[in-house]
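Let the hints inform the model, and build the full structure from the sequences given.
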Amino acid sequence: MSDKTALVPATHTVPPAKFSHGVKKGNILQVAGQVGFLPHEEGKAPTPAGPTLREQTLQTLANVKAILEEGGASWDDVMMIRVYLTDVDHFAEMNALYNAYFEEQGLTEPPAARTTVYVGLPAGLLIEIDALAVLG
Amino acid sequence: MSDKTALVPATHTVPPAKFSHGVKKGNILQVAGQVGFLPHEEGKAPTPAGPTLREQTLQTLANVKAILEEGGASWDDVMMIRVYLTDVDHFAEMNALYNAYFEEQGLTEPPAARTTVYVGLPAGLLIEIDALAVLG
Amino acid sequence: MSDKTALVPATHTVPPAKFSHGVKKGNILQVAGQVGFLPHEEGKAPTPAGPTLREQTLQTLANVKAILEEGGASWDDVMMIRVYLTDVDHFAEMNALYNAYFEEQGLTEPPAARTTVYVGLPAGLLIEIDALAVLG
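Protein chains in written order, with full-length UniProt numbering: chain A, 1 to 136; chain B, 1 to 136; chain C, 1 to 136.
Simulated from the structure, these hints should not be mistaken for lab results. Just so you know, not all the hints are guaranteed correct.
Copies of the same chain look alike in the list, so a pair counts if it fits in one copy or across any two.
Unchecked claim - Taking lysine-lysine and the DSS-like style, the derived pairs with C-alpha atoms no more than 27 Å apart in a straight line are:
1. K65 to K18
2. K18 to K44
3. K4 to K18
4. K65 to K44
5. K65 to K4
Listed below in structure tokens is the structure:
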């Protein structure tokens, strides 16, 4: 008996391959790596919210949140956030954006754990984030 | 009372350090990072299936699957697949291979979430994949 | 009804952003990415245990362990260890340190799964490690 469900916010672009933006099974919810793409518009290719770290970070966090909510979860349920940046020099600015964002979210639980590493991403993308949540 | 078990397919090479190719505890199954090594042959060093992305991707997916099956799981139970590539230019080809592979697997559940990032890997290796599954 | 708790060893430096060094909820414990910082000293900036891979690896493992213990867990409960190195040439030495360390820990359960990839890290840091544990 499985209750694995795909979490597919209407705002999201179709994944570029056979994977789900989010999946939930039992009390575990996994959000796939999100980037700063704007909400999907019919017939339009995926488009980043802008060229800056600020624009992309905020859009990426919004994209993760939409998937959490699609699964009946919230940031409070998130255990782990993985942040992939392309440039070590972006760490301080990302942290400032991250802190301000979560300040606004009004968490009532302790913040998630986090790992930040510096990798390559497709051209034009400065940040990617995925998340693991435990519900209940 | 713990029921943590190591998942060690007979086909797999001995890990290069004190880790398990897979572990299962309760309903959680974690597959370690797999690369495109051919099934183990006595007295032979680990050998990639070939130099191409195609060969390594298909062998890597087979290696992950063997561990899932060793733990009584299948691709349908997988929540998250992490794909590590060494070259952004491999993204499209990897996606095509990935899609064709999962098409053939005949999943009956929604596909897993996925994150793909571009990192360094040991010389000769083009792809590494790990996976988290929730059983039951 | 949530029992999400932050795991904050007294020895740890304050995280550079709004995240927890570890979180536990139900039977899941997630340790955030740890680096080789020495135990926190009042009024002193985070300082690596030393410039060598050996010093940083051992300190990083100690930092992960402190968080596990803060959550009532041990290495035996760990399912997955993610190792981030900055240099492929460090693989063999890291494995030797890793093996010797876990030999000393006297695990009674199978070792965790592991993925090792090569990424960028802030200047001076050679290794980062995070871990997922399942308790009970």
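Against the structure, the hints:
In the homo-oligomer, the alpha carbons of K65 and K18 lie at most 27 Å apart both inside one protomer (21 Å) and across protomers (17 Å), since each shortest distance falls under that limit. Taking identical chains as interchangeable, the C-alpha atoms of K18 and K44 lie at most 27 Å apart only when both belong to the same chain, with a minimum of 20 Å there against 35 Å between chains. Only within a single protomer do K4 and K18 lie at most 27 Å apart by alpha-carbon distance; the minimum there is 16 Å, versus 31 Å between protomers. Taking identical chains as interchangeable, the C-alpha atoms of K65 and K44 lie at most 27 Å apart only when both belong to the same chain, with a minimum of 22 Å there against 36 Å between chains.
Proximity of K65 to K4 under the C-alpha cut-off of 27 Å is found in both arrangements, the shortest distances being 19 Å within a copy and 19 Å between copies.
This entry satisfies every hint, going by the numbered hints stated previously.
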